[in-house]
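Q: Construct all of the structure, not just a fragment, from the sequences and the given hints.
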Amino acid sequence: MGEPILEIHGLSKTYRGGVRALDNVDLAIHRGEIFALLGPNGAGKTTLIGAVCGLVKPTEGTIRAFGEDVRHHWRSARRRIGLVPQELAFDMFARVDHAVEYSRGMFGCPPSKARIEEVLRSLSLWDKRESKIRELSGGMKRRVMIAKALSHDPELLFLDEPTAGVDVELRRDMWKQIDTLRDQGTTIILTTHYIEEAQEMADRVGVIDKGKLLLVDGKDAIMAKLGRTEASISLSAPLGELPATLRAFPLSLVNEGQCLLYRGGDGTGKGKREIAEVLRLLVEQGIGFDGVETRESSLEDIFVDLVENRIEVAA
Amino acid sequence: MNVRGAIAIFTNELARFFRTAFGSILSPVLTTALYIVVFGAAIGKRMDPHQCGGASYGAFIVPGLIMLTLLSESTSNASFGIYMPRFTGAIYELLSAPVGVLETLIGFVGAAAMKSLIIAGIIMLTAMLLVDYSVAHPLYAAGYIVLVASAFALFGFILGLWADGFEKLQIVPMLILMPLTFLGGTFYSVKMLAEPWSTIAQFNPIFYLISGLRWTFIGHSDVPIGLSLVCTLGFVALCILVIAFIFRTGWRLRE
Ligand SMILES: Nc1ncnc2c1ncn2[C@@H]1O[C@H](COP(=O)(O)OP(=O)(O)O)[C@@H](O)[C@H]1O
Ligand SMILES: [Mg+2]
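As given, the protein sequences belong to chains P and L, one line each in that order.
Using the working numbering, read the first sequence as starting at 1 and increasing by one per residue.
Using the working numbering, read the second sequence as starting at 316 and increasing by one per residue.
Calculated directly from the structure, the hints in this document are not laboratory data.
A hint or two may mislead.
[To be verified] Reference excerpt, derived from the structure (chain L facing chain P, CB under 10 Å, subset only):
#: 1; residue: Val318
#: 2; residue: Arg319
#: 3; residue: Ala323
#: 4; residue: Thr403
#: 5; residue: Ala405
#: 6; residue: Ile406
#: 7; residue: Leu409
#: 8; residue: Ser411
#: 9; residue: Gly565
Note that the Cβ used here is the ideal one computed from N, Cα and C, for glycine as well.
A: Right under this line is the structure:
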């Protein structure tokens, strides 16, 4: 993948009052990728974004964007970064097009009717350009936030929970929008607590909880590393113990020997192959079964696993 | 410096003002006209011109009334200008933009000062219809008015950062600025006061501001113009220092 567009080293943030929202976070983002920061509420996602964008003063650590320290080169860095925060926040009485022009100017770009039109059209806001923001629906207000962030053509775009509280249709819309941006070469970091969203959109995923980045990897790599196939085979007659020929497989007997449980594989199809092999061996040995149910674990299971295991460790 | 950014903030702030221009202009104009009519006409006839630096009482209170408007308009425009985005959360954009102290000051404080200058101008025109007055030192008057408008826009900006509720935003102009302006000689020469009040009045910073502006209008004042200028410039410098400090530490802006 490309050169890192953002490098974070040893980033920590302790808020006044003592909440440690970020705890020694290291992260590198590659140019052109879509990175999903996945974590439950209060994990520190917004704080991480805030630290990069200048809303939060880090307690420790360094942040380099475009190869330069953002603390010293904040002007040049900020020109190239766009932020869509979690909450709707703007002058509700301003007109849509004026609000977007204002953002563009604030980031130091020359006025450009053409660019404003392009942004508004791409977000289906062009027909509403003369409306006051407060007259728009919730979904449209959210799109105005995005339009403002895109008005200065950022190379690196942060989307903080872009689809939280948004209906399904609008969520699909948003995903399409993000895809378009990726095609134009924008690097995108989004936060979400919808695993589906990370799975759908992201090239790489970072799992964050309680301020700690637990895992960062390619989405497919995570699935391969932590993905599991589960199969439960209902036996016609209960078994006392596992037959010797099956001991090599990750199998266990449950339900007083009435059910053979397979839990293994790696998200690459190995699980399915092994289950087929197990079934063949059962038939060969004359062990009858009435049904087989198989299931691939999703990123969601992995996520729950990671976060819950950590809670167990902590407890 | 991000010149375009400063211009964007400045024009956006002015646009916000013109959205409600009718009310913003009408109410100070009406208040001023009432003061002139009520005080000027009712009390003015009984005043001795000697106590008014040789001017008519109406002409004497015009600079006081302009000062009253400048102080309250500059302060409230600037404080609301920065408090509103803090309140709605829209401040995120300013904080994430390539915008520093200078651009913020030019944008927010400049626009707030500009608004109060527009209103002060309209008030001077209104006063012209009601009172016969002239300006002794027009150039000094213009410069002094711009200086005071900027000084209190800076002050308002600090107020807007400090306030954590609408109440505080209104309390300072109402409970501190207004009384000090009234007691600082808007409607009378401090020399008319009996002791100890005339001495106490010397500790009121706004007394020096009013006296300074009055000198530029009627060529006569309670304190030398130099002292008034020093006071005003000192106040501007203090406000700029405070604001620079706020931006350096991120107080009330960055977590
Ligand atoms: N301004 C703040 N002051 C004090 N604590 C905060 C502040 N903002 C966030 N926190 C705390 O920091 C932690 C992380 O918050 P946040 O970054 O908003 O998480 P997320 O975006 O993942 O939901 C939470 O425990 C939250 O309560
Ligand atoms: Mg958040």
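Q: Indicate, hint by hint, whether the structure satisfies it.
A: Structure-based check of each hint:
Hint on L/Val318 holds. Least Cβ distance to chain P is approximately 8 Å, under the 10 Å limit. About 5 Å separates the beta-carbon of L/Arg319 from the nearest beta-carbon of chain P, less than 10 Å, and the hint is met. A least Cβ separation of about 3 Å between L/Ala323 and chain P falls short of the 10 Å threshold, and the interface hint therefore holds. About 5 Å separates the beta-carbon of L/Thr403 from the nearest beta-carbon of chain P, less than 10 Å, and the hint is met.
For L/Ala405, the interface hint holds, since its Cβ comes within 10 Å of a Cβ in chain P; the closest pair sits about 5 Å apart. Interface restraint check for L/Ile406: the shortest CB-CB distance to chain P comes to about 8 Å, inside 10 Å, so the restraint holds. Among the interface hints, the one on L/Leu409 holds; its C-beta lies about 7 Å from the nearest C-beta in chain P, closer than the 10 Å criterion. Because the smallest distance between the Cβ of L/Ser411 and any Cβ of chain P comes to about 4 Å, under 10 Å, the interface hint for this residue holds.
The interface hint given for L/Gly565 holds, since its Cβ lies 6 Å from the closest Cβ of chain P, which is under the 10 Å cut-off.
Checked against the numbered hints listed earlier, the structure breaks none of them; every hint is satisfied.
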